[in-house]
Amino acid sequence: MKIRPLQDRVIVKRLEAKDVVKGGIIIPDTAKEKPQEGEVIAVGPGKMSKEGNLQPMNVKAGDRILFGKYAGTDVKIDDEDYIIMREDDILGILE
Amino acid sequence: MKIRPLQDRVIVKRLEAKDVVKGGIIIPDTAKEKPQEGEVIAVGPGKMSKEGNLQPMNVKAGDRILFGKYAGTDVKIDDEDYIIMREDDILGILE
Amino acid sequence: MKIRPLQDRVIVKRLEAKDVVKGGIIIPDTAKEKPQEGEVIAVGPGKMSKEGNLQPMNVKAGDRILFGKYAGTDVKIDDEDYIIMREDDILGILE
Amino acid sequence: MKIRPLQDRVIVKRLEAKDVVKGGIIIPDTAKEKPQEGEVIAVGPGKMSKEGNLQPMNVKAGDRILFGKYAGTDVKIDDEDYIIMREDDILGILE
Amino acid sequence: MKIRPLQDRVIVKRLEAKDVVKGGIIIPDTAKEKPQEGEVIAVGPGKMSKEGNLQPMNVKAGDRILFGKYAGTDVKIDDEDYIIMREDDILGILE
Amino acid sequence: MKIRPLQDRVIVKRLEAKDVVKGGIIIPDTAKEKPQEGEVIAVGPGKMSKEGNLQPMNVKAGDRILFGKYAGTDVKIDDEDYIIMREDDILGILE
Amino acid sequence: MKIRPLQDRVIVKRLEAKDVVKGGIIIPDTAKEKPQEGEVIAVGPGKMSKEGNLQPMNVKAGDRILFGKYAGTDVKIDDEDYIIMREDDILGILE
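Chains as they are written, first to last, in the UniProt record's numbering: chain A, 1 to 95; chain B, 1 to 95; chain C, 1 to 95; chain D, 1 to 95; chain E, 1 to 95; chain F, 1 to 95; chain G, 1 to 95.
There may be inaccurate statements among the hints.
[Unchecked claim] List of simulated lysine-lysine pairs, PhoX-like, C-alpha gap at most 20 Å:
#: 1; chain 1: E; residue 1: 13; chain 2: E; residue 2: 2
#: 2; chain 1: B; residue 1: 13; chain 2: C; residue 2: 69
#: 3; chain 1: B; residue 1: 60; chain 2: A; residue 2: 2
#: 4; chain 1: E; residue 1: 69; chain 2: F; residue 2: 76
#: 5; chain 1: G; residue 1: 13; chain 2: F; residue 2: 76
#: 6; chain 1: C; residue 1: 2; chain 2: D; residue 2: 60
#: 7; chain 1: E; residue 1: 69; chain 2: D; residue 2: 76
Keep in mind that the hints were calculated from the coordinates and are not lab data. Here the structure is a predicted model, which means the values were calculated and not measured.
Next up, chain A with everything else stripped away, as it sits in the complex (with noise of 0.2 Å):
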């Protein structure tokens, strides 16, 4: 199934941290921090302006993103946890 973001929203799967750490203790779901990067999976058409000009986006798919904690919503989609956020909840891209 596949989503089409409206406006200037952006989906995003959000990147796993790694299940293990230095020294090899795996650290159980629940106590690991969310990471705040993620790879953008579909991008909206970007925002329509009063006077009807669209505004384009500046990021695409594929990008990898990093994002602020309580950005976006979640949303389960066939199984898997997405979230979708607006450009402006977008942080910064990584190079």
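Based on these hints, arrange chains B, C, D, E, F and G on the given structure of chain A.
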């Protein structure tokens, strides 16, 4: 009975979560997390800008959509539950 | 007594929930959830924009409408309860 | 003493609830819900827009009006209680 | 010492409530409700709009005014208490 | 070390309250209410409007100013305490 | 790894407070107040206005800046802590 939404509002029928999960245990209604998928039932004419221009809608009746957990207002029409939300609360269209 | 609403306000008479439910048990007044349906009794002239243009109303007296649970201000006129709300609080028109 | 309200403000004299109810029991002052009806005593010149245009007022001294429970600021002038509110807090005019 | 208020600010000297009430009982300072009347001591030049136009003030030094209970900022200048508020916090002019 | 404030920000040095009051009792530091007077140390270039016009500042270095109790952000530079506030937080200029 | 900030965002490396104070007592990490000085590491292209004009940035990589205590979002990149803030959160430039 039919409802005609005003402005950029959209009437949405929440898609029911399946009542049975893997292994066949039935989850009672209160324990189920409300799904965030729905079907658009009716669509308003769009928002009128202050200059008097109608801003066209991006969704139409029949679209399957994703929306945030706290989007819109729950209403009961003819004993059926619907959500009336603004188009801006719709996160994306499922395809 | 008649009230003339100002601006884009609308006077609404809440439609009473039926006092008897299936099987004939009478539900006392406090246990009933307030219905969100109403009839428009009077309609203001519309909002005046800063440029001095009157923005026309989309509802008229007699319309049956749906509104949010916390819409508007309850007022008592001649011992009858009404809600005065802005047109923007109206979710849709029942047809 | 006279007050001249600034901008789109209106001075309102609350109409007293009748002190006696059916059957003749006198309700003490604190148990009475404050009425939401009042008489307009004085009216400001209207709001000045940023472009320098005066937006005319829709109410005038002598009008009987309805207002929300928490509208405006209570003031005491010459030992009389008044409410000074913005015209936008007025719900409607009683006719 | 003199203060020149910036923008649309106004320096106000609160008018003291009379210390004696009917029957001659003196009310101590803490039990008295702060009066909401004051005298305008100094007036700023007015607000500068984004287009660079100065919006003229509607009050002048010497005006007796009414203001809301929580208007402005209390300041002490030369051991005297004043309130510096924006013109918009002034409810009306006493005449 | 020198700080150059950005936009319409102003660096202010709080004027210390005198440590001795009438009768010669010394008030310890914590019991003293922080004074709301200060001296402007440095001034930003002014706010850039969206149209690209610089809005000139109304205060300059050396001005003695009054400001609200909770104005600005406390910063420590070279072991000295300063407040960096926006010009809009300045209530007036002492002359 | 490099981050390219979006819009008017700035990546800042907090300058560490010196671990030793006068007299040589070492202050543990948790007791130290976080410093509000930092170095700009990377700078976004600037904010795009609705009319499509890019508003140029006032800071550049390498600038030493002052910022408010609660400015921006903490992020960890390659095990280093950074703050990503909007240019508007920068109080001034140290020279």
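Violations among the numbered hints, reported as their numbers in ascending order
Checked against the structure, the only hint that fails is number 4, while the rest are satisfied.
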